[in-house]
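> Using the supplied hints, reconstruct the complex from the two chains, each of which is provided in its own coordinate frame.
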Amino acid sequence: MNIVVCVKQVPDTATERKLSSKDNTLDRDAADGVINELCEYAVEEALKIKEAHGGEVTVLTMGPAKATDTIRKALAMGADKAVHLVDDALHGSDALGTSHALAQTLKKIGFDLVILGSESTDARTGVLAAMLAERLGTPQLTLARKVDIDGSAISIERVTDYGYDKVTATLPAVVSVVEKINEPRYPSFKGIMAAKKKPVQTFGVADAEIDTAQVGLASSWSEVTEFAVAPPRAAGTIVKDEGDGGAKAAEFLASKKFI
Amino acid sequence: MHRLTDEYEALRKSVEEFSREVVAPVIGDYYERCAFPYDIVAQMGRMGLFGLPIPEEHGGMGGDYFALCLALEELARVDSSVAITLEAAVSLGAMPIHRYGTDAQKAEWLPRLTSGETLGAFGLTEPGGGSDVPGGMRTTATLDGGEWVINGSKAFITNSGTDITGFVAVAAITGHREPGEDGRARPEISTIIVPSGTPGFAVSKKYSKVGWSASDTRELSFTDCRVPEAGLLGERGRGYAQFLRTLDEGRVAIAALSVGLAQGCVDECLRYVRERRAFGQEIGRYQAIQFKIADMEVRTHTARLAYYHAAEKMLAGEPFKKEAAIAKLVSSNAAMDNARDATQIFGGYGFMNEFPVGRFYRDAKILEIGEGTSEVQRMLIARQLGLPA
Ligand SMILES: Cc1cc2nc3c(=O)[nH]c(=O)nc-3n(C[C@H](O)[C@H](O)[C@H](O)COP(=O)(O)OP(=O)(O)OC[C@H]3O[C@@H](n4cnc5c(N)ncnc54)[C@H](O)[C@@H]3O)c2cc1C
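Line order of the protein sequences matches chains A and B. Once you know that position 145 of the first sequence is 145 in full-length UniProt numbering, the rest is easy, because the numbers rise by one and skip nothing. Once you know that position 270 of the second sequence is 270 in full-length UniProt numbering, the rest is easy, because the numbers rise by one and skip nothing.
One chain only, chain B, in its complex shape (with noise of 0.2 Å):
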């Protein structure tokens, strides 16, 4: 059932083995500098990872989503930084432009984005509000002349303003539509690709974060910004349906990142245990010690089993909201527990950034906001129960 073949176990080693040798020696420092790892990103694209749910003629590897989950898992294992990068780039980068995209967009965006050499980013929320989307957006843009204008701002778009990001898919109001069952006119949302760079299109400064300080997110703005409109990404009036598919593949991904934040725990909690010694002896003799470690050993296992689930039924073609939702719950919850008690038993030292579990600390919360809060995803599973909005 939840056993990796052969070809997933071999993918899974590979990121393993990068991720050791590669990030695991450099990333504190990049993170101690806020900086963004572009040598560590370009060698990540040199290895496909950028790739890996993306069919071939495209650049990509041929994989599946739940590859992509196992490098993201294996990554997070050592930082969350560079994990979120990638996971922001395909999945919510080069994924809508793969599904939604025409093939023009397809042949201009995807080679560059499956390399690695170009960076997509997916602006939805903004400074108004990300839970309530449609309710919080405020960003318009309309048809004048064959161009989209597009005003307004978004707020933390990962990868939005590195040297190599390419576009920024703007989730905009362009138009009304019939006023639903409750007589509220409900806003017509599109996407429309802002490529880098474009009159009008303006990237603030990085934001001083509490974690995931390797990676890029920045607040934008537009201002009577104007792209061709030939820059719509999928259907006019259907940006939103889109972004919930979307987000739904994404909270899987953001699930296999969780996992591996709270293995990344687990992992340097049995070396840290053998070592430390008090009162007489390795600290890993105690029970209160041990229990910890088995409880943050149960957390990953079972957050590991529901990603899996969800994984394989959105592979299958199946329904798999509830199931990406449930499994994003528990992760971000078993990457938050994990951290602290991984903090706990390191002790001082758990509170220095030089350890990684000082950043597994910081790193942790977010993930119980980003890609939709804990709120939000057991609103998801009450509805998918039946329950009334």
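Only chain A is shown next, with the shape it has when bound in the complex (with noise of 0.2 Å):
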């Protein structure tokens, strides 16, 4: 089987995170580089669906030049090759282009099963999964907590806000997984040196035959005009508990909504 994981570089949640003035967009220079956390998931599940089944594994990233840290730690991790896409073109794209360009790639490429985190800590827009299914032709399987492949069939446990739902539909497919599907392994010594030697191709927007139209920050639906740094956080108050704590505590909840 033919899975490909596409996977991310985000910058470090315990770095402070800052926009760029130049042009509003994030700056990726500032922070340290680090694969996204759900991306790992998905890799560990590419690996894990490649143990039980056989096949090959493809770690595909779009992402500046840095990216390639993030390309190593996937391959250490055991995945077989990799695919780079990078191109200055590429810079700023929102979801949608984001989503052209992924499956120009996909396309080029070819694949059984794509795999995905359900979202990045950096854009957290969800939605990469769906746009990708939408553009490739194939069933979207998102939101899994366990995947489940038997011959071209393939089910999932989609999470949901009062359990899961069972989700079934045929290879070729994309699926996104949540944190709670596996237990990414840690890069080996003998992994780490064996990255080294594995193929990373480099693919650019011609490579791919990506409408540069569709893609970059120009072509973004969306725009940042403006951005403040977040005030810091207001001091909570203190509720003193005079025998009446209990329905102070409920009115609390009750006014956020959460009972």
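Hints listed in this document are in silico derivations from the structure and should not be mistaken for laboratory results. Glycine included, C-beta positions come from ideal geometry on N, C-alpha and C. A few of these clues could be false.
No more than 20 Å apart at the CA atoms, straight line, and that leaves these computed lysine to aspartate or glutamate pairs for EDC-like [unchecked claim]:
# : chain 1 : residue 1 : chain 2 : residue 2
1 : A       : Lys197    : B       : Asp6
2 : A       : Lys81     : B       : Glu7
3 : B       : Lys13     : A       : Glu183
4 : A       : Lys180    : B       : Glu7
5 : A       : Lys190    : B       : Glu16
6 : A       : Lys196    : B       : Asp132
7 : A       : Lys197    : B       : Asp64
8 : A       : Lys190    : B       : Glu17
9 : B       : Lys13     : A       : Glu209
Covered stretches of chain A, going by a simulated chain B footprint (3 or more residues, C-beta under 8 Å) [as the list claims (entries may be wrong)]:
#  : region
10 : 146-156
11 : 183-190
Next up, the structure:
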């Protein structure tokens, strides 16, 4: 089975994240780039499926040159090869643009199964899997906490507010995963050494036949016109228990619509 | 010179994340209960840490001893019990088998040791003495009908009594040599692999230790304990020499572990002094605190350079005895000094077991004792400088 995992490099959430004053997009040079956490779960799931059913795992990353670190990490975990989609024309792409660029690349490299994390810690749109499936004309199985494959049949448990739905489809398909799905492995030294020798192919917009009118900052459907630093958190309110603590707590929870 | 290659850096990072995400949240509880963290050890096994310096054909990671040191440093930044468990298992358990074992011994033990399913231990120290090994040794092994018969006892042996301990490599007197120049007869020391559960091999209950509380340390006794003659590890009569090589390497590993503890003290203090306030401001604004932290950083940095340098010589196949002793001496000092300062900076909270610095304080002292005391390191350095024994 030919599995492609889409992996994104994001600024480390442990460091301070900033928007660039140049064009109001995320300043990707200011913070350390790390692999998006949910993407690690996607890689792990791909590796598990490969271990159970055979096949090959390809990592697909769209991002600047320094995203190679993230590609290396996915390869060190055990993926077989990688495709790095890198082109200045892609800078500032929104979810629609990104889905076009990735879908074009996926059509070029071929796939039976595409796996993604359900969202990234930077943009948090959570729509990419659905958009990709639409553009590729395949079923979408999103928010999976469990994936089962049997021949060309795929079924997942899709998390919902009330529990889970069982969703089934036929391959090829696009799956997005949530963190409940597995425990991503830590790269071993053998994996790290082996990753050095694994092939990483670089694609530009022309190689993937990406329509430049659909990608990049200029084609983005949304625009950040201005931004301000979030105000420091205000002090909380202290409620004194005068025998009515329970009622006051309930009142507070109700005001926040928790109960 | 001392820049990590991309691969070493990726390994360091991988272990850093593991320590932060897997070890840090739960280790305090194991420590408090003096319980061995089987679950963490199993996960360390799955990520290949127990096979770091062992070739791939034996199930290892095909890395080297420096890779092990980097992993030890990152683990010890968070906790020393798991770090010493790894250090003893690899450096004292697996490496002697890898280096001196027969093909049959390697085939029997290495795959299990490198995966972390089985731990090996190294029994050198005896109740009668650890610094003066030949002088303090009373344990004997004699050949009888194709078997070694072992009698004696061992003290403070790491990893010797866990549920997953496979064997203890026991140093024992197997005969006597011709008297040396000084006219004193010297014992012939050999090393014998004693599998756990062998009749006559008894493991006492755990010691109650000041630190390293989540690691396994036991006293062992051997009463007419019989193992096959093929259990001899390496050459007969070379047991002590083999141990010396093992200890030289082990010192670099303990140095790395000590640097990790020293670094952990810096990490914790940098966080704390920005939060804790006294007399109207963060305590990190006081010069007295800043200077303490600067000194802690200096000790950590210089100790790290010392162990990187010793490891570099070791991997290049050059003599590294002096450098290993220097690295062990400065880094265990750094760990001890940093633990004392970090506890001071934390005030009363530093004396609480639930804070990592409380654990660091308890874990630091043994670093000046185990794998050769600080006095022994100074003796080794003086000998390497040509001063008389
Ligand atoms: C938690 C723990 C784990 C351990 N794990 C292991 C293990 O896995 N395997 C193993 O074999 N051992 C192990 N040890 C033993 C350890 O290596 C010894 O404790 C150490 O080598 C010191 O030996 P000793 O305790 O007998 O002290 P001694 O040798 O009795 O020394 C007592 C003091 O005298 C000093 N001294 C001795 N000789 C001289 C001299 N010539 N000049 C000046 N000062 C001197 C020493 O430096 C020390 O301060 C462990 C110990 C501990 C506490």
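> State for each hint whether it applies.
Hints and how they fare:
1. Restraint check for A/Lys197 and B/Asp6: the C-alpha separation of about 13 Å stays at or below 20 Å, so the hint holds.
2. Restraint check for A/Lys81 and B/Glu7: satisfied, since their Cα atoms lie roughly 18 Å apart, inside the 20 Å limit.
3. For the hint linking B/Lys13 to A/Glu183, the alpha-carbon distance of about 18 Å falls within 20 Å, and the restraint holds.
4. With a CA separation close to 30 Å, the supplied pair A/Lys180 and B/Glu7 exceeds the 20 Å bound.
5. Taking the CA atoms of A/Lys190 and B/Glu16, the gap is near 17 Å; set against the 20 Å cutoff, the hint holds.
6. Between A/Lys196 and B/Asp132 the CA atoms are separated by roughly 47 Å; this puts the pair beyond 20 Å, and the hint is violated.
7. The suggested pairing of A/Lys197 with B/Asp64 holds, with an alpha-carbon distance near 19 Å, which does not exceed 20 Å.
8. For the proposed pair A/Lys190 and B/Glu17, the alpha carbon gap of about 17 Å is at most 20 Å, so the pair holds.
9. Pair hint B/Lys13 plus A/Glu209 does not hold up; C-alpha atoms about 37 Å apart against a cutoff of 20 Å.
10. For a cut-off of 8 Å, the count of residues in the region 146-156 of chain A with a CB near a CB of chain B stands at 0, and the three-residue condition is violated.
11. For the region 183-190 of chain A, the stated coverage by chain B is satisfied: 6 residues place a CB nearer than 8 Å to a CB of that chain, which reaches the threshold of 3.
Going through the hint list in order, the structure does not satisfy hints 4, 6, 9, 10.
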